[in-house]
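Protein chains: 2
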Amino acid sequence: MSKVYNFSAGPCILPQEVLKEASEAVSNFDDLNLSLIEISHRSKNFVAVMDETVSLVKELLNVPDNYDVVFLQGGASLGFIITAYNLMRENGSAAYLNTGAWANKAQKEAAHFGNVVEVASSKDKNYSYIPKGYEVPSDADYFHCTSNNTIYGTQIKEFPTVDVPLVCDMSSDIFSKPVDVSQFDLIYAGAQKNMGPAGSTLYIIKKDIYGRNGRSIPSYLNLKIHADKDSMFNTPPVFPVYVSMLTLRWLKANGGVEWIQERNEAKAALLYGEIDRNPLFNGVAAKEDRSNMNATFVLANEAHKETFDQMWNDANISGIKGHRSVGGYRASMYNAMDLEGVQALVNVMKELENRV
Amino acid sequence: MSKVYNFSAGPCILPQEVLKEASEAVSNFDDLNLSLIEISHRSKNFVAVMDETVSLVKELLNVPDNYDVVFLQGGASLGFIITAYNLMRENGSAAYLNTGAWANKAQKEAAHFGNVVEVASSKDKNYSYIPKGYEVPSDADYFHCTSNNTIYGTQIKEFPTVDVPLVCDMSSDIFSKPVDVSQFDLIYAGAQKNMGPAGSTLYIIKKDIYGRNGRSIPSYLNLKIHADKDSMFNTPPVFPVYVSMLTLRWLKANGGVEWIQERNEAKAALLYGEIDRNPLFNGVAAKEDRSNMNATFVLANEAHKETFDQMWNDANISGIKGHRSVGGYRASMYNAMDLEGVQALVNVMKELENRV
Chain B
16 MSKVYNFSAG PCILPQEVLK EASEAVSNFD DLNLSLIEIS HRSKNFVAVM
66 DETVSLVKEL LNVPDNYDVV FLQGGASLGF IITAYNLMRE NGSAAYLNTG
116 AWANKAQKEA AHFGNVVEVA SSKDKNYSYI PKGYEVPSDA DYFHCTSNNT
166 IYGTQIKEFP TVDVPLVCDM SSDIFSKPVD VSQFDLIYAG AQKNMGPAGS
216 TLYIIKKDIY GRNGRSIPSY LNLKIHADKD SMFNTPPVFP VYVSMLTLRW
266 LKANGGVEWI QERNEAKAAL LYGEIDRNPL FNGVAAKEDR SNMNATFVLA
316 NEAHKETFDQ MWNDANISGI KGHRSVGGYR ASMYNAMDLE GVQALVNVMK
366 ELENRV
Chain W
16 MSKVYNFSAG PCILPQEVLK EASEAVSNFD DLNLSLIEIS HRSKNFVAVM
66 DETVSLVKEL LNVPDNYDVV FLQGGASLGF IITAYNLMRE NGSAAYLNTG
116 AWANKAQKEA AHFGNVVEVA SSKDKNYSYI PKGYEVPSDA DYFHCTSNNT
166 IYGTQIKEFP TVDVPLVCDM SSDIFSKPVD VSQFDLIYAG AQKNMGPAGS
216 TLYIIKKDIY GRNGRSIPSY LNLKIHADKD SMFNTPPVFP VYVSMLTLRW
266 LKANGGVEWI QERNEAKAAL LYGEIDRNPL FNGVAAKEDR SNMNATFVLA
316 NEAHKETFDQ MWNDANISGI KGHRSVGGYR ASMYNAMDLE GVQALVNVMK
366 ELENRV
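Protein sequences, first through last, are from chains B and W.
Here the first sequence stands for residues 16 to 371, numbered as in the working numbering.
Here the second sequence stands for residues 16 to 371, numbered as in the working numbering.
Just chain B, same shape as in the assembly (with noise of 0.2 Å):
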């Protein structure tokens, strides 16, 4: 069978050794002649993933001391609430800053748990570029950003320093580059795009947050409760996790967050200069904001749609299709997407300019 260039917005591509490792592992886990997903999350087995996933995720982002990791259910929609219930004060304030339909959705979440306060949106231009020179109000319990914006390809290229706690969702961009870990208080990520498939979300907790609002809060909702029982409170989603963990593996054992930031910077050169240099394409984002991660683009005429989605398909090119609120095509190329792939999609855009 042919090899599929997946540039699906996630879930999403992820390594091939991983996805043999991990259907292995449905059949037989451990050697154990059980499955992966029969065995307790208490049996030693999956102890040793979950230990494993985290400590990988502390050592690829080089998590300080006074931090813990844990891995919950939900995705980014249940981490809205948890970054508002553990962090705003009753009656306290949160700074958002609106750069898309998640960022958007985050604040919204948060005003069930007290007053928020957007500091500056791009909604004026459908959010195709990352505000900058805003004020955060220094009484705010917290300032909340989404550091990539999947939808319209905009990515914060240096996060704003802030005199209040820093809160990230990282959904889309965790492990891609090097993050400074120490500038945030919490960061969260969904797990499906550059780490494991949906159902896991990663918690990347400085410590002494815990307790600071004074709410009581349910426990699920409780970001110390999952800290203090690492990551198995109740049972973890353990598919995900596991294959988290290989993704992890995987990464490390090429070199790491360097060497994928390498390798994205490669590929977002490759597309973003087809891009520029094809008079067939414009670009959605602002320059100056692309995002690594995530490249819109448009057909600078419309008439060329069904020639160049008819070229792309023939060519095993697969969820390149852009969000309903931005239209054009997105390529996705988070991590496990290689330099081969982009050069499949910008191939076709050059075969185009010569076709038409």
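Do not rely on the hints blindly, as some may be mistaken.
Same chains, same names: a pair is fine if it fits in one copy or spans any two.
Derived lysine-lysine pairs resembling DSBU-like cross-links, with alpha carbons at most 30 Å apart [unchecked claim]: (1) 239 - 120; (2) 192 - 172; (3) 35 - 18; (4) 336 - 244; (5) 336 - 18; (6) 244 - 59; (7) 221 - 123; (8) 302 - 172; (9) 267 - 244; (10) 192 - 120; (11) 267 - 18; (12) 73 - 221; (13) 59 - 120; (14) 336 - 138; (15) 320 - 59; (16) 138 - 239; (17) 59 - 35; (18) 221 - 120; (19) 140 - 244; (20) 222 - 123; (21) 59 - 18; (22) 123 - 239; (23) 336 - 59; (24) 244 - 138.
Source of the hints: derived by calculation from the structure; they are not laboratory data.
With the hints as your guide, set chain W onto chain B.
Below, chain W alone, put in the same frame as chain B:
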């Protein structure tokens, strides 16, 4: 390799054909030449999975039209919070039946949202029986019970008739027998016993509960939002839902909940028969409340422990160590366990009697 008899309390045994098909889908799903876990959850292939899973739940449990079926994440632990948030009024109250550790956790979480009344408890005898003849306050917003208590090996054989909405955590015996859904306003169940792997949680919701308590509920915790979005409000746990679909297909192909009830009763009769017959063993739970899912038993004489433990280990029996709060042994006989597996355990129990 020899077959392992997996009596694990959960995550637990799943049908062999389900594990085989799940393993294949992680390599190549629907002949897409892509893994199940790297395609978009909004692709037609995965939408078909979610639709079929929901349809199978409705068909197998004969769910009336005025109920919604949704799949979320977070297990029963998040279900405890979701239940109270969606059903308890501000300053309202709810009635709970305390039949064990999980029932107890459920009521503790509800206390974050209002007044909790414990109508009865079997804590006095380490939860070895199901209380009966209790009164449920008629002004309670709902009455909550736990259908099966894995740790103690007890099970509610007949649900009480109450004048308030009935809510049940059916995590450990759903799909093990027919259930009259129309009795309940809300049923929830973590998948990781009879339904699939850890990481997805089923909710069966009477539609008229939506908005009933007048609370403003954060989105991920709001059942109506998930129902309106057909369990796709955010990225669902793709793999756990898929494996649940396979397991429910298996159940349907074999004859549904009537068939499995008969098989589960035969397994329970075989094991409890031996526990009662064999002078070396004593059952833990009150006979009338014995669970068909989890049989708890102890050695009459602890001196035989080493011998017995060696014998069942040699017989490839796995996962029968009792929970620390009960001790002894716990044999979980979930749907995928066949009579042969229970017979293997019974044979070892008989063999012990012959040997000592």
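Item to complete: Could you figure out if residue 140 and residue 244 sit no more than 30 Å apart (CA to CA) within one copy, between two copies, both or neither?
Response: Answer is between: at 28 Å across copies they meet the 30 Å cutoff, but 44 Å inside does not.
Worksheet item: 30 Å Cα cut-off: does residue 239 pair with residue 120 within a copy, between copies, both or neither?
Response: both (24 Å within a copy, 17 Å between copies)
Worksheet item: When no copy is specified for residue 35 and residue 18, does a C-alpha distance of 30 Å or less occur within a copy, between copies, both, or neither?
Response: both (15 Å within a copy, 23 Å between copies)
Discussion item. Reference check for the pair residue 59 and residue 18, CA-CA at most 30 Å: within, between, both, or neither?
Written reply: between (37 Å within a copy, 20 Å between copies)
Worksheet item: Taking 30 Å as the upper bound on the Cα-Cα distance, should residue 73 and residue 221 be classified as within, between, both, or neither?
Response: Within. Shortest intra-copy distance 13 Å satisfies the 30 Å Cα cut-off; inter-copy 44 Å does not.
Worksheet item: How would you label the pair residue 123, residue 239 (within, between, both, or neither) given a Cα cut-off of 30 Å?
Response: For residue 123 and residue 239, both the intra-copy (24 Å) and inter-copy (17 Å) Cα distances are at most 30 Å.
Practice prompt. State whether the alpha carbon distance between residue 336 and residue 244 is at most 30 Å within one copy, between copies, both, or neither.
Written response: Classified as between: cross-chain Cα gap 22 Å, same-chain 42 Å, threshold 30 Å.
Discussion item. Checking an output row: residue 192 and residue 172, CA cutoff 30 Å. Within, between, both or neither?
Written reply: within (11 Å within a copy, 55 Å between copies)
Worksheet entry | Alpha-carbon proximity between residue 302 and residue 172, which holds within one copy, between copies, both or neither at 30 Å | Classified as within: same-chain Cα gap 11 Å, cross-chain 65 Å, threshold 30 Å.
Fill in: residue 221 and residue 120: within-copy, between-copy, both or neither at 30 Å Cα
both (24 Å within a copy, 27 Å between copies)
Fill in: Homomeric proximity label, residue 192 with residue 120: Cα distance no greater than 30 Å
within (25 Å within a copy, 40 Å between copies)
Item to complete: If the cutoff is 30 Å on CA atoms, where do residue 244 and residue 138 land: within, between, both or neither? Let me know, please.
Response: between (41 Å within a copy, 24 Å between copies)
The structure meets every hint from the earlier list without exception.
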